[in-house]
Amino acid sequence: MAERKLFLSYHFASDQRLAKSALQLAEAFDYTVVTGEDLGGGALTPEVMKRIEACDALVALMSRGPKKLGKKGKFLPYPWVLGELAHARARGLRNIALVADGVEIEGPYTDNERIVLDPRAPAAALVKLARTVSDWRRDAGRTLKVIILPEELAAKLRGDDVRCQYRFRNEDWIGPWQEAFVHPEIGGTCAYLKGVKDPYFIELRVRFGNETWASLSAPQWVRVELQKGAA
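In this text, residue positions in the sequence shown follow numbering that gives the first Met the number 0: the first is 0, and each later residue adds one.
Some hints here could point you the wrong way.
Unchecked claim - No more than 27 Å apart at the CA atoms, straight line, and that leaves these computed lysine-lysine pairs for DSSO-like:
id: 1; residue 1: LYS4; residue 2: LYS196
id: 2; residue 1: LYS66; residue 2: LYS144
id: 3; residue 1: LYS127; residue 2: LYS19
id: 4; residue 1: LYS4; residue 2: LYS155
id: 5; residue 1: LYS127; residue 2: LYS4
id: 6; residue 1: LYS19; residue 2: LYS73
id: 7; residue 1: LYS19; residue 2: LYS49
id: 8; residue 1: LYS4; residue 2: LYS73
id: 9; residue 1: LYS19; residue 2: LYS4
id: 10; residue 1: LYS49; residue 2: LYS193
id: 11; residue 1: LYS4; residue 2: LYS193
id: 12; residue 1: LYS155; residue 2: LYS193
id: 13; residue 1: LYS73; residue 2: LYS144
id: 14; residue 1: LYS19; residue 2: LYS66
id: 15; residue 1: LYS144; residue 2: LYS193
id: 16; residue 1: LYS144; residue 2: LYS155
id: 17; residue 1: LYS127; residue 2: LYS196
Said to hold, decoys possible - FRET-style restraints, in silico, Cβ to Cβ:
id: 18; residue 1: ARG168; residue 2: ASP134; range: 18 to 26 Å
id: 19; residue 1: GLY101; residue 2: ASP134; range: 26 to 34 Å
id: 20; residue 1: ALA129; residue 2: SER13; range: 16 to 24 Å
The set of hints was computed from the structure by calculation and includes no laboratory data. The model shown is predicted, which means the values in this text are computed figures rather than measured ones. Glycine included, each C-beta is placed from N, C-alpha and C at the ideal position.
From just these sequences and the hints, can you work out the full model?
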């Protein structure tokens, strides 16, 4: 299964306990959690942006930052956490913000989905976060490893001009063609297909040189042939 990464954005000095809970939750759903903590926090640097862009999703813990001028009991989020969230949204990553009570977010993302967080009793917010992360995993599907046959074709798929594509079919729709990673390995030449869900039928096509090979729609069920008296 392909690794899925989640960027966890938080204020390193004050949110360690909550961040640890969020990290453990994300790991329970098979995400590899990435942070910018080793970079020292602060401004949204090119290195942090690169890390965010390499992830599939971002969770922002928006605790109480500077007091909001002219508003008693109101706070702004820490600016770099807001910046990391904004960058993830601009890049189209799945994202959610856990916003502490009293924190007011300004700017173009004011109305985006969020989870209300009580820092003194965060359990309810973490339960909602678990549901959100579970939905992300389900919607993203899984990665399927496919062995390409016949062997006559598979042996040719080792040049730089090889292009392997796949698409999904369901009862009433056909998805777009997507690029597949092809890798020759022990046991055969394999294609790795992302975003596979249980009901999907799969079509594969390969192009190299002047040749094009294509499959019919294939179901995902496994064929098991029984033999009498084999047990």
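For this session: Compare the distance between the alpha carbons of LYS144 and LYS193 with 27 Å, and conclude whether the hinted pair is satisfied.
Result: 9 Å, holds
For this session: For the pair we were handed, LYS155 and LYS193, check the Cα-Cα distance against 27 Å.
Result: 23 Å, holds
Problem set entry | Given pair status - LYS193, LYS49, alpha carbons within 27 Å | 22 Å, holds
Problem set entry | Distance restraint between LYS19 and LYS73, which requires alpha-carbon spacing of 27 Å or less | 26 Å, holds
Exercise. Taking 16 to 24 Å as the hint, is the beta-carbon distance of ALA129 and SER13 inside that range?
Worked result: 23 Å, holds
For this session: Could you grab the alpha-carbon distance between LYS19 and LYS66 and see if it respects the 27 Å cut-off?
Result: 25 Å, holds
Exercise. If you draw a straight line from the CA of LYS4 to the CA of LYS73, is it 27 Å or shorter?
Worked result: Between LYS4 and LYS73 the Cα gap is close to 33 Å, so the pair fails against 27 Å, i.e. violated.
Exercise. Is 18 to 26 Å a correct range for the gap between the Cβ atoms of ARG168 and ASP134?
Worked result: With Cβ atoms ~24 Å apart, the hint holds.
Exercise. Is the hinted pair LYS127 and LYS4 satisfied, with a Cα-Cα distance of at most 27 Å?
Worked result: Roughly 19 Å between the alpha carbons, so the hint for LYS127 and LYS4 holds.
Exercise. CA of LYS73 to CA of LYS144, is that 27 Å or under?
Worked result: At roughly 51 Å apart (the allowed maximum being 27 Å), LYS144 and LYS73 break the hint.
Exercise. Taking 27 Å as the top limit, are the C-alpha atoms of LYS4 and LYS155 close enough?
Worked result: 33 Å, violated
Exercise. Is the Cα-Cα distance between LYS127 and LYS196 27 Å or less?
Worked result: 24 Å, holds
Comparing the model with each earlier hint shows violations of hints 2, 4, 8, 13; every other hint is respected.
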